[in-house]
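Undergrad: Here's the letter readout for the chains.
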Amino acid sequence: MWMETKAEVEEASRSRASLSRRVLSSLLLCTGDMMHLNEYMQDKSFVLQLAVWGLRGVTRVILANNPLSGALILAALYWASPWQGLLGTLGILVSTLTAVVMGQDSAEVSGGLHGFNGMLVSLLMGVFSSAGDWYWWLLLPVCLGSATCVFLFSGLSSVLDRWDLPVAVFPFNIIIILYLLCTGQDNPYFPQYPAVPPGVLGPNDTKLVAVEVIRGIPLGVGQIFACGALGPSLLILGAVLLYSPLLAIHGLLGSAVGTLAGLSVAVCHDSLYSGLSGFNGALGCMAIGGLFFTFSWRTHLFAIASAFLSAYADIALRNLLGTVGLPACSWAATLIATLMLLLTGSLAAYRIPIGQVMAPEHNLRSRSQWAAGNNAEQESTDV
Amino acid sequence: MWMETKAEVEEASRSRASLSRRVLSSLLLCTGDMMHLNEYMQDKSFVLQLAVWGLRGVTRVILANNPLSGALILAALYWASPWQGLLGTLGILVSTLTAVVMGQDSAEVSGGLHGFNGMLVSLLMGVFSSAGDWYWWLLLPVCLGSATCVFLFSGLSSVLDRWDLPVAVFPFNIIIILYLLCTGQDNPYFPQYPAVPPGVLGPNDTKLVAVEVIRGIPLGVGQIFACGALGPSLLILGAVLLYSPLLAIHGLLGSAVGTLAGLSVAVCHDSLYSGLSGFNGALGCMAIGGLFFTFSWRTHLFAIASAFLSAYADIALRNLLGTVGLPACSWAATLIATLMLLLTGSLAAYRIPIGQVMAPEHNLRSRSQWAAGNNAEQESTDV
Amino acid sequence: MWMETKAEVEEASRSRASLSRRVLSSLLLCTGDMMHLNEYMQDKSFVLQLAVWGLRGVTRVILANNPLSGALILAALYWASPWQGLLGTLGILVSTLTAVVMGQDSAEVSGGLHGFNGMLVSLLMGVFSSAGDWYWWLLLPVCLGSATCVFLFSGLSSVLDRWDLPVAVFPFNIIIILYLLCTGQDNPYFPQYPAVPPGVLGPNDTKLVAVEVIRGIPLGVGQIFACGALGPSLLILGAVLLYSPLLAIHGLLGSAVGTLAGLSVAVCHDSLYSGLSGFNGALGCMAIGGLFFTFSWRTHLFAIASAFLSAYADIALRNLLGTVGLPACSWAATLIATLMLLLTGSLAAYRIPIGQVMAPEHNLRSRSQWAAGNNAEQESTDV
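Chains as they are written, first to last, in this note's numbering: chain C, 1 to 383; chain Y, 1 to 383; chain S, 1 to 383.
One should not assume that every hint holds.
Straight line, CA to CA, 25 Å or less: simulated SDA-like cross-link-like pairs of lysine to any residue [stated by the list, open to error]: (1) Lys-207(C) / Ser-264(C); (2) Lys-207(C) / Gln-185(S); (3) Lys-44(C) / Leu-28(C); (4) Lys-207(Y) / Tyr-189(C); (5) Lys-207(C) / Gly-228(C); (6) Lys-44(S) / Leu-29(S); (7) Lys-207(S) / Pro-188(Y); (8) Lys-207(C) / Trp-137(S); (9) Lys-207(C) / Pro-188(S); (10) Lys-207(C) / Asn-187(S); (11) Lys-207(S) / Pro-191(Y); (12) Lys-44(S) / Ser-110(S); (13) Lys-207(C) / Leu-260(C).
None of these hints come from the bench; they were simulated from the model. Bear in mind that the values here come from a model prediction, so they are computed numbers and not experimental data.
Okay, chain C solo, but in the shape it has when bound (with noise of 0.2 Å):
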């Protein structure tokens, strides 16, 4: 028995490598924006098409688009409060059928691209929510803002396109403040928790624990969903490494530089703690360093340059809108992308229209194809 033929040997080897080739390969098809999946899903039920189009939009926050990445992402937030799992569930629910309804375009609902605004106010209605979990009159306003988001998308766009820039998470950032505004603290209905500026706190007077500061780097992926515990931040990271390593490695990398940021200008400490001061470092630091534009090591210092710039603007708006008792959400990081996707000079020459924006590791392919392309087609001209 212990004998083996070496054909045997061979045989076996020779399955186990075909194996593991098809377990890699089927795990590659379930990496980067699994567009095959859009095909097979053509002729499937009204419901599993939603469900898949609002897993891509729970993935759109984060920069990716993947539906298995969302439902990592989905099970992460239910892990870290089921509450906050649901109302994220009914936002992305809400907005993308006020999508249909409201005749948007299918390409853009299918991508998901009209769901993760909804659920970004979900969440950060109910964070805010002082009246605790299940307060079910909560779901009134989380059904109404979900469903404005889909306006102001729409509208927006339309006013964006003419610079070839992406509405990114404007909507949301607009419905929350506007909604913070609207109840007030003292609402009788919906009560809130103010939010504090990083400044308003008087001097740091307790030391700074160095493992905490670090635990927050994590953290400030997890804070992109509003999202505080470290597991399920982990979780999150996961997703987005299933999505594309590169885009994990700029996160985590943008929000370290978040960290430093505010380490620079003395935040309170509890910020940096709670990984606030780093998710703006993050998205900013995503945005640049691989999705908008093609991977490069010029890329790559304006990733950390606009990360540093996202980070410092964050601490501004959040003083400045703490002054009225508002949270500065990701205005920072959206302003900052949204200015990066402007500039003109050496960076604009990497720069991916926003309609063939696919993951890091697609765009880094498909453009040295292109690039390659037109090689052979300016030789070819040459001749």
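Based on the hints, put chains Y and S in the right spot on chain C.
TA: Structure of chains Y and S alone, referenced to chain C:
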């Protein structure tokens, strides 16, 4: 004597019918945009022309365009307060004359487009002045503010033209905020009442009076002209009815929606009773339901959505601007109407190009003609 | 010896005339935009070129473009405060170098367009720092802020190009506000003076000193560079005079108009004495009266209107931003000048395309030539 021949009876009834037809047709001549008046006015004196331009301007505030409605509204304002009426008249004349001097497009001037912002600025300067009526020094900022509106109208139209958007009351909103900021509350020359945000007065401890709330709905239409009395408000509503019944209905509907929105987030009762909660909803509803879009049941639903959004945005902005003692004016309705005009999808199909916007009834008729023409054309091409 | 032949006398007078003509012509070479210098500099070393770009940038702040004026202004700044002079120099060098590294358009860089925002940011950081002169840590935010100006300049120019608008000092205004917000008043590393709004100090109980008010008018020109001393301010005015007498006159006129506007709404006296009331008026007046529009009596009237609007808008914005401890910088003049450039009607006829803007005197000359050419052309077509 009691015996009349059949012929006599028929004759009498015929003459009565012809009379009523003549009355009706001359009444119809007074409704809508009264474009036939323009031809009639061409060879009249400048003062008479200026009067018509001004009266058209008065109605532009409430999204109408009819000199007779303008005369009614002006009468309502003089009824409510002669001083306010005077300020309004001065504002509209100064801004229209400034536009003439600055060489603005004559079609815009004669359509009253350069008058309504100046009128609103003047009215609001009067409302916020705490120096009492007949404080003649106030005419200085009134003239300056009205003239400045023309600068803003002209400059903003260059920007907004790119998206075929109307300038609407943006100039008024900007100028009045700047004026209030510029003088401040304790100014020795131009003292003011501070604006009180709706949520600042603490919880409502009195019981809500239903009659007062219902009374606030027509007041909401009057508040568009900063008029808080019931009689003049009804006269203003009548003036809108003369221009277009559809517009008047949407005005009342929008005001009701605004009151409902105010109730849902528990704004202070005074704000409901005075109609201040309703007027942004009214404007938002009127702009969508008939004016900038052809009327249909779908547009009607969007108009109601627009009224809700305007009302909630107004509450939010009043809470925000109230922290620095400023009023929210009609920022909310103006922004939401602009957003609605930018929407893609099913609403965009009903959009009327800004240059062709007329009374809702006229829009409906011209669209059906145009659609019929299109069909006929298509048939002829098919054959 | 006392007897000179007529020929000798003539000879001497001729040589004197020739000398004065040569002096005059070489003086004329130093006025205006000094475009001939660019050809001369082409083959010089990078350091020398950078110096000229920087000096051009210094004058761009005050809407001029002349390296000699730049040297005079820089001397004035070092005279007023060597530390401020050093900060300004560093700011202009860092932002110009950043623009070179980021691959910005070389014509823009060599025209000094990437330097002036960085310089202003650095100067204002120094003015608002309460850590005293020679606080070397301040160089960190100075470098970072100056470099960020290039990002904003490049991004905003992509947007504003659509309307052929200049980016002007928008980047400076944005960055300095963000910096002040980011650090806050009690920052342990970068402490600041808070900005005091002009109306906050209570009623003016001292009598107004006319001499001080008049002294504030030339100070208003100096305040464009955050310089509050009379001597350096006059030197700066002299530098503008060297570039273009028309611009200098409009600067003084605008500052006077700004002071008048300040008097009319009773701003606090210190604001009038220090020239802070005048500098936005000066900038607004200079931009319209000659720079972006061909000079004429009509443009001149618009320039005065622009000065009034800038001054009033500045008071309004100072009151608004002062509530959160922020200065209004030159937001008012920048916004009003942008508005004026967007105007349609009779002013638009005098507008000079942004790419062809030069010294007012040059604009006048080239317009008359162009008009003459047009006429000649028209005549030839007529025949």
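Undergrad: Taking the hints in turn, state whether each one holds.
TA: Verification of the hints:
no.: 1; hint: Lys-207(C) / Ser-264(C); result: holds, 15 Å
no.: 2; hint: Lys-207(C) / Gln-185(S); result: holds, 22 Å
no.: 3; hint: Lys-44(C) / Leu-28(C); result: holds, 23 Å
no.: 4; hint: Lys-207(Y) / Tyr-189(C); result: holds, 17 Å
no.: 5; hint: Lys-207(C) / Gly-228(C); result: holds, 22 Å
no.: 6; hint: Lys-44(S) / Leu-29(S); result: holds, 19 Å
no.: 7; hint: Lys-207(S) / Pro-188(Y); result: holds, 15 Å
no.: 8; hint: Lys-207(C) / Trp-137(S); result: holds, 23 Å
no.: 9; hint: Lys-207(C) / Pro-188(S); result: holds, 15 Å
no.: 10; hint: Lys-207(C) / Asn-187(S); result: holds, 17 Å
no.: 11; hint: Lys-207(S) / Pro-191(Y); result: holds, 21 Å
no.: 12; hint: Lys-44(S) / Ser-110(S); result: holds, 13 Å
no.: 13; hint: Lys-207(C) / Leu-260(C); result: holds, 16 Å
The structure shown violates none of the earlier numbered hints.
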